[in-house]
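Top line first, the protein sequences correspond to chains A and B.
Residue numbers for the first sequence follow the UniProt record's numbering, so the first one is 1 and each next one is one higher.
Residue numbers for the second sequence follow the UniProt record's numbering, so the first one is 1 and each next one is one higher.
Bear in mind the hints are in silico, worked out from the structure with no lab data behind them.
Values in this document were obtained by computation on a predicted structure and should not be read as measured data.
No residue lacks a Cβ here, since even glycine has one placed at the ideal position from N, Cα and C.
The reader is advised that the hints may include incorrect statements.
A few chain A positions that, by computed beta-carbon distances, are all more than 10 Å from chain B [claimed, not checked]: (1) Val127; (2) Gly151; (3) Ala154.
Going by beta-carbon spacing under 10 Å, a handful of chain B positions derived as facing chain A [what the hints assert, rightly or not]: (4) Leu75; (5) Ala337; (6) Ile410.
Residues of chain A clear of chain B, computed beta-carbon distances all greater than 12 Å [unchecked claim]: (7) Ala13; (8) Asp19; (9) Asp69; (10) Glu111; (11) Gln118; (12) Asp133; (13) Arg147; (14) Asp304; (15) Glu362; (16) Thr384; (17) Asp393.
2 protein chains.
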Amino acid sequence: MSSAKSPPVSPLAPQSQPDLPPIRGVGLATAQAGIRYSGRTDVLYVALAEGTQAAGVFTRSKCPSAPVDWCREALGSAGARALVVNSGNANAFTGLRGREAVALTAEIAAEAAACRPQDIFIASTGVIGEPLDASKFRGVLADCAGRTEDGASAWAAAAQAIMTTDTFPKLATRRTAIDGTTVTLNGIAKGAGMIAPDMATMLSFVFTDAALPQDVLQALLAAGTATSFNCVTVDGDTSTSDTLMLFATGAAGNAAVSAADDPRLSDFRAALDELLVELAQLVAKDGEGARKFVTVRVTGATSDASAHRIAMSIANSPLVKTAIAGEDANWGRVVMAVGKAGEPADRDRLAIWFGDVRVAREGARDPDYSEAAASAVMRESDVTVRVDLGLGDGAARVWTCDLTKLYIEINGDYRS
Amino acid sequence: MSSAKSPPVSPLAPQSQPDLPPIRGVGLATAQAGIRYSGRTDVLYVALAEGTQAAGVFTRSKCPSAPVDWCREALGSAGARALVVNSGNANAFTGLRGREAVALTAEIAAEAAACRPQDIFIASTGVIGEPLDASKFRGVLADCAGRTEDGASAWAAAAQAIMTTDTFPKLATRRTAIDGTTVTLNGIAKGAGMIAPDMATMLSFVFTDAALPQDVLQALLAAGTATSFNCVTVDGDTSTSDTLMLFATGAAGNAAVSAADDPRLSDFRAALDELLVELAQLVAKDGEGARKFVTVRVTGATSDASAHRIAMSIANSPLVKTAIAGEDANWGRVVMAVGKAGEPADRDRLAIWFGDVRVAREGARDPDYSEAAASAVMRESDVTVRVDLGLGDGAARVWTCDLTKLYIEINGDYRS
Numbered sequence: 001m002s003s004a005k006s007p008p009v010s011p012l013a014p015q016s017q018p019d020l021p022p023i024r025g026v027g028l029a030t031a032q033a034g035i036r037y038s039g040r041t042d043v044l045y046v047a048l049a050e051g052t053q054a055a056g057v058f059t060r061s062k063c064p065s066a067p068v069d070w071c072r073e074a075l076g077s078a079g080a081r082a083l084v085v086n087s088g089n090a091n092a093f094t095g096l097r098g099r100e101a102v103a104l105t106a107e108i109a110a111e112a113a114a115c116r117p118q119d120i121f122i123a124s125t126g127v128i129g130e131p132l133d134a135s136k137f138r139g140v141l142a143d144c145a146g147r148t149e150d151g152a153s154a155w156a157a158a159a160q161a162i163m164t165t166d167t168f169p170k171l172a173t174r175r176t177a178i179d180g181t182t183v184t185l186n187g188i189a190k191g192a193g194m195i196a197p198d199m200a201t202m203l204s205f206v207f208t209d210a211a212l213p214q215d216v217l218q219a220l221l222a223a224g225t226a227t228s229f230n231c232v233t234v235d236g237d238t239s240t241s242d243t244l245m246l247f248a249t250g251a252a253g254n255a256a257v258s259a260a261d262d263p264r265l266s267d268f269r270a271a272l273d274e275l276l277v278e279l280a281q282l283v284a285k286d287g288e289g290a291r292k293f294v295t296v297r298v299t300g301a302t303s304d305a306s307a308h309r310i311a312m313s314i315a316n317s318p319l320v321k322t323a324i325a326g327e328d329a330n331w332g333r334v335v336m337a338v339g340k341a342g343e344p345a346d347r348d349r350l351a352i353w354f355g356d357v358r359v360a361r362e363g364a365r366d367p368d369y370s371e372a373a374a375s376a377v378m379r380e381s382d383v384t385v386r387v388d389l390g391l392g393d394g395a396a397r398v399w400t401c402d403l404t405k406l407y408i409e410i411n412g413d414y415r416s
Numbered sequence: 001m002s003s004a005k006s007p008p009v010s011p012l013a014p015q016s017q018p019d020l021p022p023i024r025g026v027g028l029a030t031a032q033a034g035i036r037y038s039g040r041t042d043v044l045y046v047a048l049a050e051g052t053q054a055a056g057v058f059t060r061s062k063c064p065s066a067p068v069d070w071c072r073e074a075l076g077s078a079g080a081r082a083l084v085v086n087s088g089n090a091n092a093f094t095g096l097r098g099r100e101a102v103a104l105t106a107e108i109a110a111e112a113a114a115c116r117p118q119d120i121f122i123a124s125t126g127v128i129g130e131p132l133d134a135s136k137f138r139g140v141l142a143d144c145a146g147r148t149e150d151g152a153s154a155w156a157a158a159a160q161a162i163m164t165t166d167t168f169p170k171l172a173t174r175r176t177a178i179d180g181t182t183v184t185l186n187g188i189a190k191g192a193g194m195i196a197p198d199m200a201t202m203l204s205f206v207f208t209d210a211a212l213p214q215d216v217l218q219a220l221l222a223a224g225t226a227t228s229f230n231c232v233t234v235d236g237d238t239s240t241s242d243t244l245m246l247f248a249t250g251a252a253g254n255a256a257v258s259a260a261d262d263p264r265l266s267d268f269r270a271a272l273d274e275l276l277v278e279l280a281q282l283v284a285k286d287g288e289g290a291r292k293f294v295t296v297r298v299t300g301a302t303s304d305a306s307a308h309r310i311a312m313s314i315a316n317s318p319l320v321k322t323a324i325a326g327e328d329a330n331w332g333r334v335v336m337a338v339g340k341a342g343e344p345a346d347r348d349r350l351a352i353w354f355g356d357v358r359v360a361r362e363g364a365r366d367p368d369y370s371e372a373a374a375s376a377v378m379r380e381s382d383v384t385v386r387v388d389l390g391l392g393d394g395a396a397r398v399w400t401c402d403l404t405k406l407y408i409e410i411n412g413d414y415r416s
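Next comes chain A alone, as it looks inside the complex (with noise of 0.2 Å):
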């Protein structure tokens, strides 16, 4: 099977890439395992420390693949000591084969690292349906075990080797403390490119040296998911293969902390905020097809959910959407895309904004709306829509991008 031709990377990409600090207890290899793609890295080992703890997040997929079931399972058996990441095949929807050949790539992995195959975790990106022959990683991973690095150059290949049709590699890091004891974050992430041409998929693994129990590791990381990651959306669809995982190797010897609201993590809960953030921003900067960054910012709900399911309808919307792509400061749209959403709205008190510039009021046109304003404010490429229900104080912000007619070549194209 042939792939598309590469899109270009996207306008919204990041000027330069961030360089990654070491991060103790982390060691990085990439190889090239041919398990599709030829010329390129499509493995990344990961080494863990001894004691290393993992938290992880998964699609809401009922039809998940074989990796994330084995996560999700070896979540319960404390410690983690490699992550396997490969792209070029999702290993989703492979039946008991995909089963094995999970089971196969954390023995592989598992002699690599000298551990048990529990402390293994494994993530797989690109084509669905199709087995995964993991015999491909038998001495791979071996090899690189023997070589990991820790520098920046080692960060930036890590990025590279688990993109798909990502057309720029997401990277972010973070200084912080922990009572006092500095400790470091650094997360990748591959986005809303689709495996051309199968489906899209969020990968995201973030590393650090803090000292923290599981429990607390996985409730700082749900907690930071639902203002991150569960707020960008590119098309409403969800893959099969969703990951999102946290690293913590503890070499960092913080003081120990036995609760996710301990004051003494109120900087660190920030700073792995803020990286999620902005690793989440960049998978909608890379949205297929992606021409504008849009930010939906809803206010006035009766509750934060409410303004949640709100902005993620108007998000979603191919009206809104393709509005946006064409610079059409279409308000209607948005209109429709609150109503649909099933929450309380009423129309008369509602109010929508382009930018600064308010389009309507009270449930009808702005009278001292300036379409010219309007337009101005479109043709950037940082669009934000508000809208604000005058109902109570829920809000929300989610972040999206345009959907344009790249969207359609990328994945409308032939399979083969």
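Following the hints, put chain B in place on chain A, whose structure we already have.
Just chain B, lined up with the frame of chain A:
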């Protein structure tokens, strides 16, 4: 404001339009009121004989248009004497002025029909957020009332007058009997062609000379909608104005029937259901940019409702719809859409067909799957996607169209 250039007639349009017979008690007239368009009709006036009963189902939007509010209320006061439909302006999100415009339209129509304003039903489709100048109906509706007709050309003109960016008029007819008395059903619809550049609005009006009480009519229409218009989707977006109404003049003089499940209504129910399905399918066939008509069948779900939600998840998935546009038998995306529906599904029992070609079974690719056979199915202009969940007896069937670059072109053009 200029309209975008008209897209070409849908390749899925029927070869010819049916000739609709007269319905006793129904008279039609169309006119140019100059609401928004020039050089074409934009008002349909339907005179209804005394004693006509009306039933209606409307958008679930929480921000419905002023005419939808009006019709919901008017249904509560027995009787219908005229229907007024205008295209070009949806009178949605127009605040207090929208309610005043509806009241004025009803007043002008009531004068023309010599009835109470609450006997008037009103529907509007077109641009939203623009005040509708209902005073333009003055003279026009009275003139219409004086020259109604009931021949095939009058029905064809009626279907034309309510079009917005539809690429073909939508008409259907059935003849059946109630307890030996022949009755006729005629229906017209306008579909998910956008009012360039605003929003997709579905309007449909069905007329019969059957004599049926309002509560029976409402029950029949609600039941018929569940398997027709509620099973069609173009892009998952819900208009503020969707309206489906059924008017029964009683002129056929059939035996009185007092319950929707009366066995004497079984033929009528079947005819109504068929007619509604035909109209709903015509709407999908005129979906914006549609090149393929898609039927999604789901069987083996835990309930019919669950099957319906899974079918809609598949039918609304941009990734499934772009794959079909690309003639790609991409069952991986179908798995994804099943998984994201959130309904009970067991990956390892799932089977998927394109047409008659089974491409996946028991959670993996069908070993007997022929890429050539599947590709042949995908090249047809009618494509059926079938999923069997292997869990129970729940089944559903919905219709949609593919997602093409033309959709983006139609909806992403500048508004002005």
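Now for the hints, and whether the structure bears them out:
1. For Val127/A, the condition that its CB be more than 10 Å from all CB atoms of chain B is violated, with the nearest at approximately 7 Å.
2. With a cut of 10 Å on Cβ distances, Gly151/A stays outside the contact zone with chain B, its closest approach being about 37 Å.
3. With 10 Å as the threshold on Cβ separation, the claim that Ala154/A sits away from chain B holds: the shortest Cβ distance comes to roughly 32 Å.
4. With 10 Å as the threshold, the beta carbon of Leu75/B stays out of range of chain A, its nearest partner Cβ sitting at about 20 Å, so the hint is violated.
5. Taking 10 Å as the C-beta contact cut-off toward chain A, the hint placing Ala337/B at the interface holds, the least distance being around 7 Å.
6. Taking 10 Å as the C-beta cut-off, the interface hint given for Ile410/B holds, the closest approach to chain A being about 8 Å.
7. Non-interface call for Ala13/A relative to chain B: holds, since the shortest CB-CB distance, roughly 22 Å, exceeds 12 Å.
8. Against chain B, the non-interface label of Asp19/A holds: every CB pair exceeds 12 Å, the least being about 35 Å.
9. Under the 12 Å C-beta cut-off, the non-interface status given to Asp69/A relative to chain B is violated; the minimum distance is some 9 Å.
10. Residue placement check: Glu111/A keeps its beta carbon more than 12 Å from all beta carbons of chain B (closest about 27 Å).
11. No beta-carbon of chain B is positioned within 12 Å of the beta-carbon of Gln118/A; the least distance is around 22 Å.
12. Listed as outside the interface, Asp133/A is consistent with that label: its C-beta sits roughly 14 Å from the nearest C-beta of chain B, beyond the 12 Å cut-off.
13. With a minimum CB-CB distance of about 34 Å to chain B, Arg147/A clears the 12 Å threshold, and the non-interface call stands.
14. Here Asp304/A stays apart from chain B, with its beta-carbon at least about 18 Å from theirs, past the 12 Å limit.
15. Under the 12 Å C-beta cut-off, the non-interface status given to Glu362/A relative to chain B is violated; the minimum distance is some 6 Å.
16. Distance check for Thr384/A against chain B: the nearest CB is about 19 Å away, which clears 12 Å, and the non-interface claim stands.
17. Distance check for Asp393/A against chain B: the nearest CB is about 19 Å away, which clears 12 Å, and the non-interface claim stands.
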